[in-house]
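Counting in the numbering used here, the first sequence runs from 1 upward without gaps.
It should be emphasised that the hints constitute simulated quantities derived from the structure, not laboratory data. Note that the Cβ used here is the ideal one computed from N, Cα and C, for glycine as well. Treat each hint with caution, since some may be false.
Pairwise CB distance ranges, derived in the manner of DEER restraints [said to hold, decoys possible]: (1) R755 / S686: 16 to 24 Å; (2) Q161 / P745: 49 to 57 Å; (3) E408 / G573: 36 to 44 Å; (4) E700 / Q103: 47 to 55 Å; (5) Q161 / N107: 23 to 31 Å; (6) R220 / G147: 21 to 29 Å; (7) Q161 / D287: 21 to 29 Å; (8) G627 / P745: 40 to 48 Å.
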Amino acid sequence: MIDKYSPQEIEPKWRQRWEKDRLYEVSEDDPKPKYYALTMFPYTSGDLHIGHWYAMAPSDVHARFKRMQGYNVLHPMGFDAFGLPAENAAIKRGIHPFTWTMQNVKNMRRQLRSIGAIYDWSREVVSCLPEYYKWTEWFFLKLYEAGLAYRGKAPVNWCPQCQTVLANEQVLGSGFCERCGAAVIRRDLEQWFFRITRYADELLSFDGIDWPERIQIMQRNWIGRSEGTEISFAIDHSGVPEKEIRVFTTRPDTTFGATFMVFAPEHPLVSVLTTPDRKAEVDAYIDKSRHLSEIERLSTEKEKDGVFIGAYCTNRLNGKKVPIWIADYVLLSYGTGAVMGVPAHDERDFLFARKYGIPIPVVIAPPGWQGEALAQAYIEEGTLVNSGQFNGLPSQQALGAISDFLEEKGWGKRTVSYRLRDWLISRQRYWGAPIPMVYCAKCGIVPVPEKDLPVLLPEDAEFKPTGESPLKYHEQFVNTTCPRCGGPGKRETDTMDTFMCSSWYFLRYTSPNVDDAPFDNAKIKFWMPVDLYTGGAEHAVMHLLYSRFFIKALRDIGLLDFDEPFTRLFNQGTIIAEKQKMSKSRGNVITPDEYVNELGADTVRAYLMFLAPWEQGGEWNDSSISGISRWLNRIWQLVLDSYQPNKKLTPDNAENAERELSRFTHQTIRRVTQDMEKLRFNTMLSALMEFTNYLATVKEAGAVAAPAWQETIDILLRLLAPTAPHITEELWQRTAHPYSIHNQPWPQWDETLARDEEITLVVQVNGKLRDRITVPASVSEDELPQLLQEKAARANAYLQGKKVLKRVYVPGRLINFVVK
RNA sequence: GCCGGGGUGGCGGAACUGGCAGACGCGGCGGACUUAAAAUCCGCUGGAGCAAUCCUUGUGGGUUCGAGUCCCACUCCCGGCACCA
Numbered sequence: 001m002i003d004k005y006s007p008q009e010i011e012p013k014w015r016q017r018w019e020k021d022r023l024y025e026v027s028e029d030d031p032k033p034k035y036y037a038l039t040m041f042p043y044t045s046g047d048l049h050i051g052h053w054y055a056m057a058p059s060d061v062h063a064r065f066k067r068m069q070g071y072n073v074l075h076p077m078g079f080d081a082f083g084l085p086a087e088n089a090a091i092k093r094g095i096h097p098f099t100w101t102m103q104n105v106k107n108m109r110r111q112l113r114s115i116g117a118i119y120d121w122s123r124e125v126v127s128c129l130p131e132y133y134k135w136t137e138w139f140f141l142k143l144y145e146a147g148l149a150y151r152g153k154a155p156v157n158w159c160p161q162c163q164t165v166l167a168n169e170q171v172l173g174s175g176f177c178e179r180c181g182a183a184v185i186r187r188d189l190e191q192w193f194f195r196i197t198r199y200a201d202e203l204l205s206f207d208g209i210d211w212p213e214r215i216q217i218m219q220r221n222w223i224g225r226s227e228g229t230e231i232s233f234a235i236d237h238s239g240v241p242e243k244e245i246r247v248f249t250t251r252p253d254t255t256f257g258a259t260f261m262v263f264a265p266e267h268p269l270v271s272v273l274t275t276p277d278r279k280a281e282v283d284a285y286i287d288k289s290r291h292l293s294e295i296e297r298l299s300t301e302k303e304k305d306g307v308f309i310g311a312y313c314t315n316r317l318n319g320k321k322v323p324i325w326i327a328d329y330v331l332l333s334y335g336t337g338a339v340m341g342v343p344a345h346d347e348r349d350f351l352f353a354r355k356y357g358i359p360i361p362v363v364i365a366p367p368g369w370q371g372e373a374l375a376q377a378y379i380e381e382g383t384l385v386n387s388g389q390f391n392g393l394p395s396q397q398a399l400g401a402i403s404d405f406l407e408e409k410g411w412g413k414r415t416v417s418y419r420l421r422d423w424l425i426s427r428q429r430y431w432g433a434p435i436p437m438v439y440c441a442k443c444g445i446v447p448v449p450e451k452d453l454p455v456l457l458p459e460d461a462e463f464k465p466t467g468e469s470p471l472k473y474h475e476q477f478v479n480t481t482c483p484r485c486g487g488p489g490k491r492e493t494d495t496m497d498t499f500m501c502s503s504w505y506f507l508r509y510t511s512p513n514v515d516d517a518p519f520d521n522a523k524i525k526f527w528m529p530v531d532l533y534t535g536g537a538e539h540a541v542m543h544l545l546y547s548r549f550f551i552k553a554l555r556d557i558g559l560l561d562f563d564e565p566f567t568r569l570f571n572q573g574t575i576i577a578e579k580q581k582m583s584k585s586r587g588n589v590i591t592p593d594e595y596v597n598e599l600g601a602d603t604v605r606a607y608l609m610f611l612a613p614w615e616q617g618g619e620w621n622d623s624s625i626s627g628i629s630r631w632l633n634r635i636w637q638l639v640l641d642s643y644q645p646n647k648k649l650t651p652d653n654a655e656n657a658e659r660e661l662s663r664f665t666h667q668t669i670r671r672v673t674q675d676m677e678k679l680r681f682n683t684m685l686s687a688l689m690e691f692t693n694y695l696a697t698v699k700e701a702g703a704v705a706a707p708a709w710q711e712t713i714d715i716l717l718r719l720l721a722p723t724a725p726h727i728t729e730e731l732w733q734r735t736a737h738p739y740s741i742h743n744q745p746w747p748q749w750d751e752t753l754a755r756d757e758e759i760t761l762v763v764q765v766n767g768k769l770r771d772r773i774t775v776p777a778s779v780s781e782d783e784l785p786q787l788l789q790e791k792a793a794r795a796n797a798y799l800q801g802k803k804v805l806k807r808v809y810v811p812g813r814l815i816n817f818v819v820k
């Protein structure tokens, strides 16, 4: 009698053994080809929920698969440990963010171990430790030296709840804070920025990397490249030195139709151009738009309004004077912060002009246009009218012709505009990497010298719910000496966006313990770039874009020699519960611990992979997981319960059965291997289930000799090892194999052995299935009539007395008779 | 509004390049074992029909010997973007 499958006993036992033997530690001395398999490191929120498992278990399975395939696999784990929740906990419960975070790290390490992954813990990275953030600061200095970090005043997204600024990427489309959901408002602040826009064009290219189309599109849209022309409108205003206003347009072909000019309310020329009689109204409008929240201002439903500032400029193409307005639908940060209003051919301009009685002359005639007024803006192509020497040109051609003309005259220039803004990295919070800068009354902004890094976060900061960083009030932190002149200086009290920490952590895993550099160059050369990066798609335009920028910037600084951090990207879906996304507030969070305790990590791992395609995600279902548990139990029995060949087995029928067994085995190896490569874990597991179902019938019949059986079990266990590392290790040992199964090679399939000898040929009459016959796989078309005559009695009945008009034969699949 | 992705049994999901729709699992039904139940094992399980057979992949059309798969129109769901001139 064999003992029961008891994951509670075998799982901790093997995990301890693997750890003791350092089975999963990796080294650069290994001659095998390297494979860097990376999963996005988790934020130190405190508890590992099933969503973390969904990110980590399948990627571990794939990493284990690559390992068995003979790769030297780096599959590290660490913690994204800076960020607001730690600080909020400090304010709310009086725990220091460091203490709170490290407690969570400790708990999460324990929970992560229960997954049974091949993490090499000797390479763990925790982003809030000084030995890590020293280098985050160092990178800031490098970017600053390279002119890629700058301080600038800009209207920024301010979250009143988090009391900090947010990057554009952290503001949800409707104007809410990505983290807390509060409505974001605008404030003018001096902030630190990274010049990600300098890399806009390079970031548009995904050549040489294998990323999901979806993410590429999202990044391209986010960057928002558009080609157009900057056009100069003349101004002549007493006391104003500027003689022109430049606007950006993608439709220079419509320039003759410009009947007004619109500035963003914050545009610097507004104050100087506004005439005294308009000043009160203009100021009131500017004030109003500043106080609107981002949502209100950006709402497409909001009626377009604006104020005439009293000044005019000249449309140089037709010499006409056009009034200058301000309106908050024009954004200072895009293009030149000013647009020409062409009401006939732009929907917004049309609404604006109609509201204020501005003329709407047609310059692009729609097909069949008879000179009538337009009921709405016509934004399609057409023929130019009312456009001087360009009349009669198709708008496509006019676009180029007018641009050429403007460039010749020096009135315009073709340019490219981007939606992407520079990356705002300042955060008015304590729990982040300090920005290593000093403000000196004499020397201005002075970087902290490298030898003085890290600028440490003071431990004795006081956390009060004032909404301001405790750093600001920490005298010893703030007051310092200027590194340049030695005089009194004040430290920057803002810290860096945590996305800065996550833009380089994957570099640190390669050499986590070097202390005189962020990484060891030789090890970077060995491991980078990451071969497979997996994680949620919610990072599409944040972490994933920032990291690409970061790597390109470091490359240009001379620190790296590759262009892209992640060669292949894969986004897993989301696990939901009770038809809803899991969240603490809904109380539907699935905690893996109880399932691991009851059913075992192997079952939870396999279940997560089986329930749906990985990229799709799906619903956690308590009753479905029992199917996996039952299956592993059946495998336990199948392997351990002794195999008895049938006593009546003759060499002849044993040979047939063994050939069939070997065919099934090799077909299974092929399916499992191919699904593993494609990360199609759900079908990979169904292939293994079909295989075990088949093996059960072979065993029941005792159809093959004992050695053939043993060999098959050996393969089954190896195919299952990445998915269920504990049970397979136990069974491997109990079937008298040397430790460890995880050092065994991945089974290879043989196409010859996997080939079917017989196939089922479908017989159709007029496209309807009428019969199935079993024929040798090698059957030739000439042999078919005979075989059909003998075997396809049912189909033949349908052919009786009919005239065969056509015969379609698809070798290996079907034959279709078209009859009348 | 724009850009993606999707709609297949009671449920999660399979289906190569246009070629047996529903693999695998859950659930359900029936049976074995048991004093009984749980667990386990075996069988059946898209719908209608006694059956032959017919119907069936969101809806409507088309291409084809043949369509879940390709084309057109519509519809619903999910994700992203949303005054970017």
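Do the hints match the structure? See the list:
At about 22 Å, the beta-carbon gap between R755 and S686 stays in the expected band of 16 to 24 Å. A C-beta distance of roughly 55 Å is found between Q161 and P745, which places it inside the suggested range of 49 to 57 Å. In this structure the supplied range 36 to 44 Å is violated for E408 paired with G573, their Cβ-Cβ distance being about 55 Å. Between E700 and Q103 the C-beta distance comes to about 53 Å, which sits within the given range of 47 to 55 Å.
A beta carbon spacing of about 27 Å between Q161 and N107 agrees with the range 23 to 31 Å that was offered as a hint. Taken as a hint, the range 21 to 29 Å holds for the pair R220 and G147, whose Cβ atoms sit roughly 26 Å apart. Distance hint for Q161 and D287: a CB-CB separation of about 24 Å, consistent with the stated range 21 to 29 Å. G627 and P745 have their C-beta atoms about 30 Å apart, which leaves the hinted 40 to 48 Å range violated.
Checked against the numbered hints above, the structure violates hints 3 and 8; every other hint is satisfied.
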